[in-house]
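Keeping their order, the protein sequence lines are chains Z and E.
By the numbering used here, the letter at position 9 of the first sequence is numbered 9, and the numbering carries on one by one without gaps.
To get the numbering used here, take the position in the second sequence, counting from 1, and add 1000.
Think of the hints as simulated: they come from the structure by calculation, not from any bench.
A couple of the hints might just be wrong.
For lysine-lysine, the following BS3-like pairs were computed, each having C-alpha atoms within a straight-line distance of at most 30 Å [said to hold, decoys possible]:
1. Z:K97 to E:K1069
2. E:K1071 to Z:K45
3. E:K1057 to Z:K45
4. E:K1057 to Z:K2
5. Z:K79 to E:K1071
6. Z:K45 to E:K1095
7. E:K1017 to E:K1071
8. Z:K45 to Z:K109
9. Z:K2 to Z:K42
10. Z:K2 to Z:K97
11. Z:K42 to E:K1017
12. E:K1095 to E:K1071
13. Z:K42 to E:K1069
Computed from a predicted structure; not experimentally measured.
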Amino acid sequence: RKEVEQDPGPFNVPEGATVAFNCTYSNSASQSFFWYRQDCRKEPKLLMSVYSSGNEDGRFTAQLNRASQYISLLIRDSKLSDSATYLCVVVSGNTGKLIFGQGTTLQVKP
Amino acid sequence: EAQVTQNPRYLITVTGKKLTVTCSQNMNHEYMSWYRQDPGLGLRQIYYSMNVEVTDKGDVPEGYKVSRKEKRNFPLILESPSPNQTSLYFCASSKGQPRDTGELFFGEGSRLTVL
Chain Z
1 RKEVEQDPGP FNVPEGATVA FNCTYSNSAS QSFFWYRQDC RKEPKLLMSV
51 YSSGNEDGRF TAQLNRASQY ISLLIRDSKL SDSATYLCVV VSGNTGKLIF
101 GQGTTLQVKP
Chain E
1001 EAQVTQNPRY LITVTGKKLT VTCSQNMNHE YMSWYRQDPG LGLRQIYYSM
1051 NVEVTDKGDV PEGYKVSRKE KRNFPLILES PSPNQTSLYF CASSKGQPRD
1101 TGELFFGEGS RLTVL
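So that you can see chain Z by itself, here it is in the shape it has in the complex (with noise of 0.2 Å):
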C-alpha cells in the first residue's frame, strides 16, 4: 500500500462549481501535511498547509481527518485558472521525509 494515496482523475468541473479531493495517508505517526499545486509542465508550488484546526485561504479550504486518516482541499467557485494538477503532500511520522501523492488532475471547464 502507498504511504499517500491521492484519486488521479481527471475530475471535469464546470466554473463557479465547488470541488473537493481526498488524500489518504497509511502512517498514524504522520505529523505535516500539505497540499501543492502543479501546472501543466511546470513545477510544483505550495499552495497551503493543512492543521489540525483546518485551514482557509480564499476559495481553498483544507482539512485534516486523522481518525480516518485523511487530508482534503476544498475548492469553491472554480475558476479556469484552477485547472493543475493539486498534488497531496505528507511529512513521514519515521523519516520526517516528505512523501508526494501522485497528484490529483482537475479541469475547470466554461
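Starting from the known structure of chain Z, arrange chain E on it as the hints suggest.
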C-alpha cells in the same frame, strides 16, 4: 529574483553516455534535493543534501550520484544512463528542513530521455 535553476531543461541521450544535470539556487538555502516524476508514481526523492558536503540517499538513488561542494549548487550525475531513467527531474531547495515548513522551491524541471 529568488529561483532554482536547472540545466539542461530537455535532453535526449543514449544508453551509457554520462551526463550531468546542474542545479543552482540563489536563496542561500541549506537543504537541496533531487526528485524524479513519473506517471502514476508521483514525485520520488533521489538524493538530498542538508548542507555543504552532506548528502544522503532518497528513495530511488540507484544509478545516480550527487555532490554538494558549494551551498548553491547540487548537480545530479548519471554515470551510465539507462532507458529506465527516462523521466522528468526536479531539483528543489528549502531554508532549513522542509518537514518544518513543508515549503520546497522547485526548479522548472529537466526532461530526460535515454534511448
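Status of each hint after checking the structure:
With a C-alpha separation of about 23 Å, the suggested pairing of Z:K97 with E:K1069 holds against the 30 Å cut-off. At roughly 22 Å between alpha-carbon atoms, E:K1071 and Z:K45 fall within 30 Å of each other, so this suggested pair holds. Taking the CA atoms of E:K1057 and Z:K45, the gap is about 23 Å. The hint holds against a cut of 30 Å. A threshold of 30 Å between alpha carbons decides the hint, and for E:K1057 with Z:K2 the separation of about 20 Å falls inside it, so the pair holds.
For the hint linking Z:K79 to E:K1071, the alpha-carbon distance of about 40 Å lies beyond 30 Å, and the restraint is violated. Of the pairs offered as hints, the one joining Z:K45 and E:K1095 holds, with about 15 Å between alpha carbons and a cut-off of 30 Å not exceeded. Restraint check for E:K1017 and E:K1071: the C-alpha separation of about 27 Å stays at or below 30 Å, so the hint holds. Distance check on the hinted pair: Z:K45 and Z:K109 sit about 23 Å apart at the alpha-carbon level, within 30 Å; holds.
Between Z:K2 and Z:K42 the CA atoms are separated by roughly 24 Å; this keeps the pair inside 30 Å, and the hint holds. A hinted pair counts as satisfied when its Cα atoms are at most 30 Å apart, and Z:K2 with Z:K97 qualifies at roughly 15 Å. With a C-alpha separation of about 27 Å, the suggested pair Z:K42 and E:K1017 falls inside the 30 Å cut-off, and the hint holds. Taking the CA atoms of E:K1095 and E:K1071, the gap is about 12 Å. The hint holds against a cut of 30 Å.
With a CA separation close to 28 Å, the supplied pair Z:K42 and E:K1069 stays within the 30 Å bound.
When the structure is compared with the earlier hints, a violation turns up for hint 5 alone.
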